[in-house]
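Protein chains in written order, with the numbering used here: chain E, 982 to 1180; chain W, 982 to 1180.
Please note that a few of the clues may not be correct.
Any copy will do: because identical chains look the same in the list, a pair fits if it lies in one copy or spans two.
[Unchecked claim] In silico BS3-like cross-links for lysine-lysine, where the CA-CA straight-line distance does not exceed 30 Å:
#1 1074 x 1098
#2 1025 x 1074
#3 1074 x 1120
#4 1025 x 1071
#5 984 x 1025
No lab work stands behind these hints, which were simulated from the structure alone.
2 protein chains.
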Amino acid sequence: MRKIGALIFPGFELLDLFGPLEMFGMLAEQFTIRIVAETADPIKSYPGPMILPDDLTSDNQDYDILLIPGGDGTRREVDNDGLLQWLWEKSAKAGLVASVCTGSALLAKAGLLDARKATTNKEEFDETTSNGPSVHWQKKARWVQDGRFFTSSGVSAGTDMSLAIIAHLHDLATAEQIARWAEYTWNRDPNNDPFFIAP
Amino acid sequence: MRKIGALIFPGFELLDLFGPLEMFGMLAEQFTIRIVAETADPIKSYPGPMILPDDLTSDNQDYDILLIPGGDGTRREVDNDGLLQWLWEKSAKAGLVASVCTGSALLAKAGLLDARKATTNKEEFDETTSNGPSVHWQKKARWVQDGRFFTSSGVSAGTDMSLAIIAHLHDLATAEQIARWAEYTWNRDPNNDPFFIAP
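Build the full structure now, drawing on both the sequences and the hints.
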């Protein structure tokens, strides 16, 4: 059983978080999901719906997998030193760290992606990547794995990445079964990036 | 500005709800999202994360669009006469009613789909369709539109349907732009059902 710590903050993007959690959640005997926030109040997502955390960052829990969504709120959180410190400490103890969309801005700003390959979304590529000048940013990628760090491209790409993580931790057949249950057409090739536009 | 009433209940499936709400949420000037539940307590989704409602069914609000997710909890809610009554009354006032996955069991049990074409997910097809013996169930469909009722196939199909609803209410270019922002490969053909298995 692996414990997933899924971070939320005001202005996180819904599908960045709940696409992957849908896929992990279908393996309830393999993954426990904990929603983590800095405060116990309901957290308002960018489109509006409010989510309650299960754990606080101050609880100082460790997680086997960290999942960091993107969203407009990352623009504020890149300057949240307390949260970046938490990310640094918890990433050191996690077996796997994954970000979706602009969530990679937080990992980059915390210094966790330095000298690693990583990606992020297309719309905010320049702004996001400015948070990690020492990161080897990949503009054409559905997702990128570098060691125990997985970073995905924009929003929906996180769902494809989450199935790749399931295949990585379990096997391809399990990931394919999950995709079938969710009636999800899995883009399983990290280099197949339908949204890349050549410069 | 259209007001979306997105129903939640214990055991609703995350992606059924948040895939569509991601897409509608990108048009913040066109759609207001209200999460609706029977009780003010946080509602636990099937995989675990807890969501807070914005409105209660007892508030007796009307909505332009009703969005009904599926999930294991629909097995209980098909016997919840109060909720079915609310669905009946609010559907009469809504311009558009949409269900994802086994959410169509609730619409069917409320009698709203009688003599209409509709679909649902593959895994629970026989159980779900037993709630609507007078519904013209379509086993091969990504989603089905019959008048102002849209019903989608399993989980991820709801996201494709939501973009079709955006195209229906606005235009194709708007839906395509939303899909691009979300880096989502939209299956835009309601008859292209990759998960249909011929009997």
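Hints, one by one, checked against the model:
no., hint, result
1, 1074 x 1098, "within (20 Å within a copy, 52 Å between copies)"
2, 1025 x 1074, "both (28 Å within a copy, 28 Å between copies)"
3, 1074 x 1120, "within (28 Å within a copy, 47 Å between copies)"
4, 1025 x 1071, "both (23 Å within a copy, 26 Å between copies)"
5, 984 x 1025, "both (24 Å within a copy, 18 Å between copies)"
Going through the hint list in order, the structure satisfies each hint without exception.
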